[in-house]
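Trainee: Just need the whole structure built from these sequences, with the hints factored in.
This is what each chain is made of:
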Amino acid sequence: MIRMEAVERLAGILDKRNVEWEIYWEEGKSASFRIERERIERAQWKFYSGMGLRVGLNGRVGFSYVTGLDHDEKSLFELVKRAEKLARIGSRPFRGFPTREKFPRVRGLYDKSIDDLDFDEAHSLAGEFVERMREMKGERGEYTLAGAMSFGTVRAGIVNSNGIEGEEPRTGLAIWAYAVKKNGRSGSGYASQSYTTLEGVHEGEELIRRAMNEADSSQRAEKIEGFSGEVLLEPQVVEALVYLFLENLYGDSVYYSRSRFSVGDLGKSVLSENVSIIDDPTLGFSPGSYSFDGEGVPGRRKVLISRGELRSFLLDHTYGKLLGLDSTGNALRDFRSIPRIGTGNVLVGRGSENLGEWSGVVVSKVFGEHTANPVTGDFSLTVELGYVVENGEVTPFSGNMVSGNVFEALGSVSRVGKELERRGSFYSPRIVTEVRLV
Amino acid sequence: MEDNLFEIAERTADKLGVGYFEIRISKAKTTSVLIQNDQLDELSNNVEMGIGVRAFKKGWGFSSANDLSKAEEVIKTAMKMAGLSRGPEKIYLGDPVRDSVSILGEKRLDDVDISEKLEVTGKAAELLRGENVKNRIASYGESIIETLYLNSLGSEIRTVTSRVRLRIASTAFEGGKTGEYWKSFGGTGGWELIERIELERWADFVSRKARELLRAKAPPSGKFEVIMDPELTGVFIHEAVGHAAEADAVKNGESIFAGRLGEKIGAEELNVVDDPTLPGKFGSYAYDDEGLPGKRVEIIKNGVLNEYLNDRETSTLLNLIPNGHGRAQSYAHQPLVRMSNTFVEAGTWEPEEIFEEVKYGLYMIGDKGGEVDVATGTFTFGAKEGYIVENGELKVHLRDVSLSGNLVEVLRSIKAIGRDVKIHFPGYCGKGQWVPVDDGGPHVLTEALVGGR
Chain L
1 MIRMEAVERL AGILDKRNVE WEIYWEEGKS ASFRIERERI ERAQWKFYSG
51 MGLRVGLNGR VGFSYVTGLD HDEKSLFELV KRAEKLARIG SRPFRGFPTR
101 EKFPRVRGLY DKSIDDLDFD EAHSLAGEFV ERMREMKGER GEYTLAGAMS
151 FGTVRAGIVN SNGIEGEEPR TGLAIWAYAV KKNGRSGSGY ASQSYTTLEG
201 VHEGEELIRR AMNEADSSQR AEKIEGFSGE VLLEPQVVEA LVYLFLENLY
251 GDSVYYSRSR FSVGDLGKSV LSENVSIIDD PTLGFSPGSY SFDGEGVPGR
301 RKVLISRGEL RSFLLDHTYG KLLGLDSTGN ALRDFRSIPR IGTGNVLVGR
351 GSENLGEWSG VVVSKVFGEH TANPVTGDFS LTVELGYVVE NGEVTPFSGN
401 MVSGNVFEAL GSVSRVGKEL ERRGSFYSPR IVTEVRLV
Chain Y
439 MEDNLFEIAE RTADKLGVGY FEIRISKAKT TSVLIQNDQL DELSNNVEMG
489 IGVRAFKKGW GFSSANDLSK AEEVIKTAMK MAGLSRGPEK IYLGDPVRDS
539 VSILGEKRLD DVDISEKLEV TGKAAELLRG ENVKNRIASY GESIIETLYL
589 NSLGSEIRTV TSRVRLRIAS TAFEGGKTGE YWKSFGGTGG WELIERIELE
639 RWADFVSRKA RELLRAKAPP SGKFEVIMDP ELTGVFIHEA VGHAAEADAV
689 KNGESIFAGR LGEKIGAEEL NVVDDPTLPG KFGSYAYDDE GLPGKRVEII
739 KNGVLNEYLN DRETSTLLNL IPNGHGRAQS YAHQPLVRMS NTFVEAGTWE
789 PEEIFEEVKY GLYMIGDKGG EVDVATGTFT FGAKEGYIVE NGELKVHLRD
839 VSLSGNLVEV LRSIKAIGRD VKIHFPGYCG KGQWVPVDDG GPHVLTEALV
889 GGR
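Chains L and Y are the protein sequences, given in the same order. For what it's worth, my numbering labels the leading residue of the first sequence as 1, then goes sequentially. For what it's worth, my numbering labels the leading residue of the second sequence as 439, then goes sequentially.
These are calculated hints, taken from the structure and not from any lab test. Please note: incorrect hints may appear among the correct ones.
As the list claims (entries may be wrong) - The calculated lysine-lysine pairs, modelled on DSSO-like cross-linking and capped at a C-alpha distance of 27 Å, are:
#1 K561(Y) - K545(Y)
#2 K702(Y) - K739(Y)
#3 K137(L) - K528(Y)
#4 K465(Y) - K85(L)
Mentor: Written as structure tokens, this is what we have:
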């Protein structure tokens with residue numbers, strides 16, 4: 001195997017130098033089919049591979065990478081020199097590399113049937129998806145449908161001077177559908193999902209249906225009168241708020257005081273007791289899963305918020321050490337980048353309520369979350385789609401802004417639904433809380 | 439190697455009946471430095487090479503690899519995939535172009551040692567120090583990209599482009615409140631772009647603003663007269679007008695501008711331009727990633743929708759003159775219709791006159807990101823700060839202000855356009871791929887929905 005040859009050769013060079021080191025490598029391929037107006041317009045197939053090297057020298061660290069896995073001694077030596085130079089002139093915080101621990105066995109990270117697809121087979125799967133679009137559109141010329149289907153496989157590996165060694169293949173499938181409805185006013189709808197196995201292709205039809213239904217609603221949606229009070233938030237909106245909140249739990253944010261919280265806040269009540277948030281990269285068959293992170297630390301389930309109480313931050317090795325804590329196995333990366341703190345699968349704990357009977361305002365989709373301020377928590381998001389449910393009658397609305405403060409909104413959650421919806425690597429029930437609609 | 443690859447490509451194209459192909463081989467040298475408080479958070483210096491091949495038969499096929507030993511496989515894969523796609527029947531071909539363009543500025547970035555870049559970034563972070571400023575960030579990024587573009591028509595374009603950007607940001611904390619402010623500098627060129635920055639002045643400005651925002655108030659909500667500063671005008675015009683004018687969105691019937699060329703969509707005085715030929719701007723380029731020269735496009739002329747941004751595919755499909763706006767993030771990405779430097783042209787108003795026009799309204803300053811649904815024209819943007827304007831005077835300072843509305847309504851409501859055009863807000867635009875862009879304009883008075891809490 002060329003791959004291991006290059007990694008071993010690089011490790012051989014590094015072993016002779018008086019440095020700590022870590023090699024993170026990847027070899028992958030991805031195929032994607034882009035659909036516009038119910039036709040596959042663009043098909044692509046990409047190959048990529050490379051090695052990222054971190055070198056620790058006199059308490060400092062340097063990083064550099066090379067693309068490709070087929071390198072001679074000279075090019076590998078230059079890589080080492082670059083990383084060493086950066087370690088010498090830089091003073092990036094460095095507390096060594098992690099040491100070896102046992103990796104959990106995570107089910108469903110890899111599906112051989114995705115890895116084995118050749119492009120004719122991949123194309124025919126995308127072709128079936130387009131066929132569904134054409135059938136569902138039928139004679140209804142007012143709809144224009146677009147979408148994409150992508151397949152990917154990557155083998156990721158890590159080796160460091162502390163004896164960590166890991167390698168695992170991971171596969172992915174992503175599908176999205178977008179519907180525009182024109183007939184007087186225009187409306188649009190979007191649905192997407194990601195998977196780790198080929199089984200996901202069977203959900204294509206459902207995604208098209210959801211996009212078309214949403215386009216129908218969006219076409220009829222008008223702005224409604226503003227008010228302050230309880231609303232039902234659907235998982236996409238909960239996702240926007242939860243990720244905004246989670247930025248406060250990233251170890252680097254905590255360390256650099258970009259977070260509302262500090263280590264002393266662990267154990268304190270910070271959100272509503274109806275809210276629990278878990279990060280779990282060990283879930284089977286889930287797109288956010290891994291058995292080891294970008295530094296070779298085992299993926300592990302951790303409760304971040306338990307019934308409103310702050311239990312854990314999201315940490316990598318460096319910021320864990322800087323805060324006097326252990327890594328939570330949340331270093332994410334590719335070979336081109338140094339590890340950065342991120343999430344695996346995020347789960348919002350389910351409640352016991354049947355919110356199917358909810359009467360009042362439902363906010364389904366929002367956008368503009370990157371205009372929000374994670375530290376103050378203030379947000380002001382545009383409602384892409386919502387519903388007013390009154391006496392069993394459902395009227396869509398859009399164009400209002402929903403504003404509030406994320407700590408208050410997640411702090412005043414009064415009811416939590418009992419069904420979890422998965423959106424990629426985010427799992428959430430519907431929740432009821434107080435916001436302001438402008 | 440190039441000749442050999444080109445021959446392989448021609449042979450494969452013949453065999454598979456591929457009518458058009460293009461090969462991009464590029465070498466990118468990048469350096470980045472990120473300093474947070476006094477801590478170096480990122481320092482990188484990398485070289486990356488790769489090949490991307492796009493082929494057209496009755497649709498597009500694309501393949502790429504960052505390992506040139508896979509070049510032959512990439513060529514064959516792209517061409518085979520082109521045979522499987524069903525897209526447009528035709529694309530614009532035009533004449534072959536042979537050219538060599540180098541934009542490296544006055545002082546080449548690779549002649550400056552990385553330790554100097556580290557020093558300047560460190561100094562910037564140091565200069566941000568100030569009362570209540572608890573978080574300071576300075577980040578430096580540069581790229582020198584050499585690309586060889588070849589296509590089946592016989593084009594051979596060699597370009598070397600260097601871009602550089604420095605961003606400074608401060609966050610002030612006091613009594614549980616925070617204030618954030620930042621500013622970016624940069625363009626297409628060399629180290630001189632960094633040397634010309636008045637670091638002391640701007641670092642002081644950014645930290646002072648962050649501090650002042652601690653005392654700023656939440657904005658009122660509702661519909662108001664709004665004066666946008668040049669930076670917010672830039673992001674508004676980029677997000678709301680620019681994206682809707684991209685011909686791929688038009689082609690797919692997704693843009694509210696579809697089928698509306700020649701229609702009056704804004705105030706008489708409104709002229710919106712996208713111009714990749716502006717010298718030294720972050721979004722500037724000589725040739726796009728489809729080997730076509732970048733041209734100045736008058737998107738809105740005297741309030742009338744005049745022209746879309748297009749590429750080889752959409753120009754033919756919509757029967758437009760090609761204007762060279764097919765851009766890709768890298769060799770590993772397919773070109774898409776993208777903006778370059780997008781701005782509102784100067785109007786006739788002095789900025790003071792615009793303020794005098796407002797009895798009660800809001801002055802909104804700076805870009806804090808935004809989004810637009812091009813199908814409906816609904817948009818939302820954040821501003822870095824704002825002020826209540828009463829009888830032409832700035833009153834209460836505001837924070838966490840955002841603006842939303844419908845694009846067409848806001849364009850129609852434009853009441854005044856200033857003379858004071860500024861285009862120096864370098865940033866990256868995302869559309870599944872990131873490309874460097876710039877935007878700007880003068881002060882503009884319009885009406886929009888303001889949200890706050």
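Trainee: A separate judgement is required for each hint: does it hold in the structure or not?
Mentor: Going down the list of hints, with the structure as the test:
A hinted pair counts as satisfied when its Cα atoms are at most 27 Å apart, and K561(Y) with K545(Y) qualifies at roughly 20 Å. Of the pairs offered as hints, the one joining K702(Y) and K739(Y) holds, with about 9 Å between alpha carbons and a cut-off of 27 Å not exceeded. With a C-alpha separation of about 26 Å, the suggested pair K137(L) and K528(Y) falls inside the 27 Å cut-off, and the hint holds. As the CA atoms of K465(Y) and K85(L) are separated by approximately 21 Å, the hinted pair is consistent with the 27 Å bound.
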